[in-house]
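So the chains spell out like this:
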Amino acid sequence: MKIRPLHDRVVVRRKEEEQATAGGIILPGAAAEKPNQGEVVAVGNGRVLDNGETRPLAVKEGDVVVFGKYSGSNTIEVDGEELLILNESEIYGVLEA
Amino acid sequence: MKIRPLHDRVVVRRKEEEQATAGGIILPGAAAEKPNQGEVVAVGNGRVLDNGETRPLAVKEGDVVVFGKYSGSNTIEVDGEELLILNESEIYGVLEA
Amino acid sequence: MKIRPLHDRVVVRRKEEEQATAGGIILPGAAAEKPNQGEVVAVGNGRVLDNGETRPLAVKEGDVVVFGKYSGSNTIEVDGEELLILNESEIYGVLEA
Amino acid sequence: MKIRPLHDRVVVRRKEEEQATAGGIILPGAAAEKPNQGEVVAVGNGRVLDNGETRPLAVKEGDVVVFGKYSGSNTIEVDGEELLILNESEIYGVLEA
Amino acid sequence: MKIRPLHDRVVVRRKEEEQATAGGIILPGAAAEKPNQGEVVAVGNGRVLDNGETRPLAVKEGDVVVFGKYSGSNTIEVDGEELLILNESEIYGVLEA
Amino acid sequence: MKIRPLHDRVVVRRKEEEQATAGGIILPGAAAEKPNQGEVVAVGNGRVLDNGETRPLAVKEGDVVVFGKYSGSNTIEVDGEELLILNESEIYGVLEA
Amino acid sequence: MKIRPLHDRVVVRRKEEEQATAGGIILPGAAAEKPNQGEVVAVGNGRVLDNGETRPLAVKEGDVVVFGKYSGSNTIEVDGEELLILNESEIYGVLEA
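Chains A, B, C, D, E, F and G, in that order, are what the protein sequence lines are.
To convert, note that position 43 of the first sequence is 43 in UniProt numbering; the numbers rise steadily by one, no gaps.
To convert, note that position 80 of the second sequence is 80 in UniProt numbering; the numbers rise steadily by one, no gaps.
To convert, note that position 7 of the third sequence is 7 in UniProt numbering; the numbers rise steadily by one, no gaps.
To convert, note that position 87 of the fourth sequence is 87 in UniProt numbering; the numbers rise steadily by one, no gaps.
To convert, note that position 46 of the fifth sequence is 46 in UniProt numbering; the numbers rise steadily by one, no gaps.
To convert, note that position 88 of the sixth sequence is 88 in UniProt numbering; the numbers rise steadily by one, no gaps.
To convert, note that position 11 of the seventh sequence is 11 in UniProt numbering; the numbers rise steadily by one, no gaps.
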């Protein structure tokens with residue numbers, strides 16, 4: 001099963017929290033901050049503008065995106081996996097190699 | 001009797017709460033969270049844009065939709081059944097097999 | 001005497017509260033919730049859009065409409081009868097047989 | 001002296017409070033609620049839309065209009081008479097015989 | 001020295017408080033309410049609309065205007081005289097003989 | 001070094017506080033209110049309207065402008081001098097001889 | 001690794017705090033205020049206007065920009081370096097030699 005987001009919504013799989021420090025020390029879950037990065041899993045058709053046009057989104061499936069620390073509280077569960085629902089406007093940018 | 005929603009409103013039949021866990025244990029109603037999913041029962045003609053156009057909605061009757069945990073408090077009773085009234089903008093996306 | 005509502009306003013005669021339960025028990029007024037349904041008595045000419053067009057309303061005289069529980073507090077008295085003044089945007093939909 | 005209201009403003013002479021009940025009992029001023037009705041004394045040229053057009057108002061001099069209970073607090077005194085200044089958007093509709 | 005207001009701003013010389021009642025009794029300054037009327041001293045070129053047009057103002061130099069009781073707190077001093085700065089939208093209308 | 005303000009921003013050198021009264025008495029800095037006047041040092045290219053046009057500003061370098069008493073808290077330091085950053089909409093008008 | 005900001009976002013490397021006064025006295029980190037200046041590292045494609053056009057930003061890579069003291073709290077870490085994410089509207093102007 002998969003989700004088809006509407007309009008300017010983006011489904012993101014949050015990057016997993018690093019479980020250990022560089023030196024190999026295991027951090028308990030509560031102490032580690034959730035990374036505000038993730039991989040785009042699905043994107044909507046685009047934002048509907050006031051003039052009736054639909055503007056395609058500026059991110060695509062597979063992009064690694066960065067978002068604000070107050071974003072990412074809207075989640076859905078698909079096939080047992082928790083995914084984030086973001087508006088494109090909550091995404092700061094795309095990380096590129 | 002049925003309801004014809006106006007403009008960008010969507011009538012949704014909320015997915016029933018699962019009454020038992022996988023192992024068959026019955027959960028009392030209060031403990032189970034209401035699922036934020038449901039089936040679209042009826043959709044409005046579309047959103048009226050500032051340029052006078054009506055944009056048809058991106059969901060249709062029969063779609064299984066996911067919505068936010070703070071949506072779904074507007075309800076109506078039709079033929080003894082409680083249905084939700086959502087704005088299309090409250091719908092995150094459509095679940096597809 | 002009658003009222004001609006302006007623009008996107010709709011005059012609605014609220015459905016009377018049911019005074020008795022199916023079994024014939026009379027409920028005191030205070031206990032019965034006011035039904036959020038009513039019959040459209042008059043409609044305005046339409047909503048004026050930013051492009052200067054007037055969009056006719058999506059409800060008409062005689063329609064039975066459903067509205068939110070926080071709507072319906074604006075009332076006027078015409079010929080001794082209390083009627084509701086709603087904006088079209090407060091109306092969820094039209095009930096159809 | 002008279003006032004020429006600007007744009008979408010409407011000058012209204014509030015209907016006088018009824019000083020006596022049907023049976024002839026005089027109500028003290030404080031007990032009587034001010035009627036939310038009045039006669040249109042003057043109207044502005046119209047509302048300026050975002051596209052530059054001026055849309056003439058939907059009420060005219062002499063109309064008897066109904067407005068909300070929270071409207072009518074802006075007043076001016078012209079030749080010793082207190083008149084209300086309303087925006088057209090505060091007017092629910094026009095009473096017709 | 002004079003001030004050229006920008007866009008939809010209007011410079012107004014507030015009508016002087018009447019210092020005496022009809023019967024010639026002098027009211028102390030604190031007891032007299034400031035009149036919400038004044039003479040237009042200068043007007044801006046007009047309001048810039050979203051479509052790029054500039055709409056000239058509906059008041060002109062010399063007009064006697066009425067404004068709301070919560071307007072008129074923005075003042076400037078020009079050649080030792082205190083003048084009000086209003087937005088055109090704060091002006092109710094123009095008094096005409 | 002100089003600053004090129006963006007869009008509808010205006011850089012203003014605030015008029016110096018008068019250090020002495022007409023009679024030559026020196027006022028301590030704290031007692032003197034900062035004048036809400038200043039000279040325009042630089043202006044942005046203009047405000048971008050919703051239709052895509054850029055509207056040039058209505059003030060230019062060298063203009064003496066008046067602004068509201070709650071404006072002028074955004075400052076930058078250029079070559080050791082404190083300058084104000086205003087939006088054009090915060091400027092009431094231009095003083096002319 | 002680098003970040004490609006979306007739309008009207010700008011990535012800025014904040015100017016380093018000066019560690020010493022002109023006289024060579026070292027200020028502890030806590031006492032020094034963070035400079036509201038920085039170098040533009042990357043810019044988005046532009047702001048999407050309501051008419052569907054994309055307006056390119058008015059700043060470019062390498063520009064030294066000034067921003068408000070309440071901006072600059074959104075940060076991301078790229079290759080171990082903390083960078084600011086600003087909206088173009090938060091930028092006052094560009095410093096030029």
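Please note that a few of the clues may not be correct.
Said to hold, decoys possible - Simulated pairs of lysine-lysine, DSBU-like, Cα-Cα distance not exceeding 35 Å: (1) K2/B x K60/A; (2) K34/E x K69/D; (3) K34/A x K2/B; (4) K2/G x K34/F.
Said to hold, decoys possible - To give an idea of the chain F side of the interface with chain G (calculated C-beta under 7 Å), a few residues: (5) M1; (6) I3; (7) P5; (8) L6; (9) D8; (10) R9; (11) K15; (12) G52; (13) R55; (14) N74; (15) I76; (16) L84; (17) S89.
Derived by calculation from the structure, the hints in this document are not laboratory data.
In this text, a Cβ means the ideal position worked out from N, Cα and C, and glycines have one as well.
Going through the hints against the structure:
no., hint, in the structure
1, K2/B x K60/A, "violated (40 Å)"
2, K34/E x K69/D, "holds (27 Å)"
3, K34/A x K2/B, "violated (46 Å)"
4, K2/G x K34/F, "violated (46 Å)"
5, M1, "holds (6 Å)"
6, I3, "holds (4 Å)"
7, P5, "holds (4 Å)"
8, L6, "holds (5 Å)"
9, D8, "violated (10 Å)"
10, R9, "holds (6 Å)"
11, K15, "violated (21 Å)"
12, G52, "holds (5 Å)"
13, R55, "violated (13 Å)"
14, N74, "holds (6 Å)"
15, I76, "holds (5 Å)"
16, L84, "violated (10 Å)"
17, S89, "violated (13 Å)"
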